[in-house]
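From first to last, the protein sequence lines are chains A and B.
Here the first sequence stands for residues 1 to 174, numbered as in our numbering.
Here the second sequence stands for residues 1001 to 1169, numbered as in our numbering.
To be clear, the hints were calculated from the coordinates, so they are not data collected in a lab.
Incorrect hints may appear among the rest.
[Said to hold, decoys possible] Partial selection, computed: residues in chain B whose CB lies under 8 Å from chain A:
1) Ser1083
2) Pro1129
3) Asp1157
All residues carry an ideal CB built from backbone N, CA and C; glycine is no exception.
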Amino acid sequence: MLTSSQYNLYENSISYANTLAGLETFLAGFKRIVGKFLLLFCYYTIFWPFVLTFALWLNLERRSFQKKMKRDFKEFETSNDYLKHKKVLMDLKSLEPRLKRISNYQPHRLPFGVSYTLNNMKKMTSTLLTVISWSESRLSSLNHAKFASANHDVKFVSESELWKNRNSAYQYWM
Amino acid sequence: MFISSFPFKKINSQSRIIDNVHLVEHNYQFRGKSNKRYIVVCEQYDFNVYAVKFYAVDHKFCANKFKRLTGNSEGSRIITTVSKIMIELLKDNPFASFAFVGSPLLNEEQSNTKRFKLYAKVVGNLVGPIFFEQHFDESKSAYILLNKNNEDKFILDKIQALFSSIYDL
Chain A
1 MLTSSQYNLY ENSISYANTL AGLETFLAGF KRIVGKFLLL FCYYTIFWPF VLTFALWLNL
61 ERRSFQKKMK RDFKEFETSN DYLKHKKVLM DLKSLEPRLK RISNYQPHRL PFGVSYTLNN
121 MKKMTSTLLT VISWSESRLS SLNHAKFASA NHDVKFVSES ELWKNRNSAY QYWM
Chain B
1001 MFISSFPFKK INSQSRIIDN VHLVEHNYQF RGKSNKRYIV VCEQYDFNVY AVKFYAVDHK
1061 FCANKFKRLT GNSEGSRIIT TVSKIMIELL KDNPFASFAF VGSPLLNEEQ SNTKRFKLYA
1121 KVVGNLVGPI FFEQHFDESK SAYILLNKNN EDKFILDKIQ ALFSSIYDL
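Taking the hints into account, I'd like the entire structure generated from these sequences.
Written as structure tokens, this is what we have:
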């Protein structure tokens, strides 16, 4: 089974990615409906305390998450670890295009409060994109044969091939 | 499919020497749903590699006992039972690697046999990439699960050389 720290790391990365992707969709939609100037007006009159509080929270969360990331990325111990890892990676990959849109933001042209918030969103997004790349590289050892053969008739079945041909209804025996 | 198995029991383990190669045969038996008896032979060679074979007792004295079909439509439960035996061997020996050949039917070529296709599919679905590295040789219908606890990087060539000296594949 997954250790609780690893489980938290996966759960947190999915939660943060969902939050940021949701926020990106909300901001893009709201901007499209009310326009940029009305959006800024709403920010300065109503939303700024909440947005700044969110930015501060995101900043603190990112710092603690980065520490956990360094510590909690470990080797797979069981097949369940692997299955959980694959599921989280697939969820994160599905959110990746929306996260990449956040990393294309240009917050330096905006007023301080907004730019601070967007900068923190960008930094968190960059951290999550790092989690995705680390998660992918964690699988790379399974895609390269540890035991080589001089006989070219003997073919290695990589993790990606096994996953592609796998019926997910089955549980791994070993 | 591939969930329920038949209860099995170990018959014995016996040492043998074939063509100057020392091996230990671990013999198991189980009864199918029609009370037909099956024998599973797990031959343990050097490098902790086990060659897994099974046949119906009815065919014990046939020259082609591994090539015959029983026609009892209990293949998935038989394969599940054989896998359970492999798991038991793995508990005893955490360095165990497994090799098997999909024997051709009586009118079939040796390469890419029906049994090989079935075993490869089952193993691909039910054995994860964490503990075993999977290799196959389609021309010989052979499949090997190499235990990743093994640190010898050239074990695959050694196992091939070993089997080439024993089996006429």
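### Query
Is the interface hint for aspartate 1157 of chain B satisfied, with its Cβ closer than 8 Å to some Cβ of chain A?
holds, 6 Å
### Query
At a threshold of 8 Å, is the proposed contact between serine 1083 of chain B and chain A supported by beta-carbon distances?
holds, 6 Å
### Hint validity - proline 1129 of chain B Cβ closer than 8 Å to any chain A Cβ
holds, 4 Å
Violation of the numbered hints given earlier is absent; every hint is satisfied by the structure.
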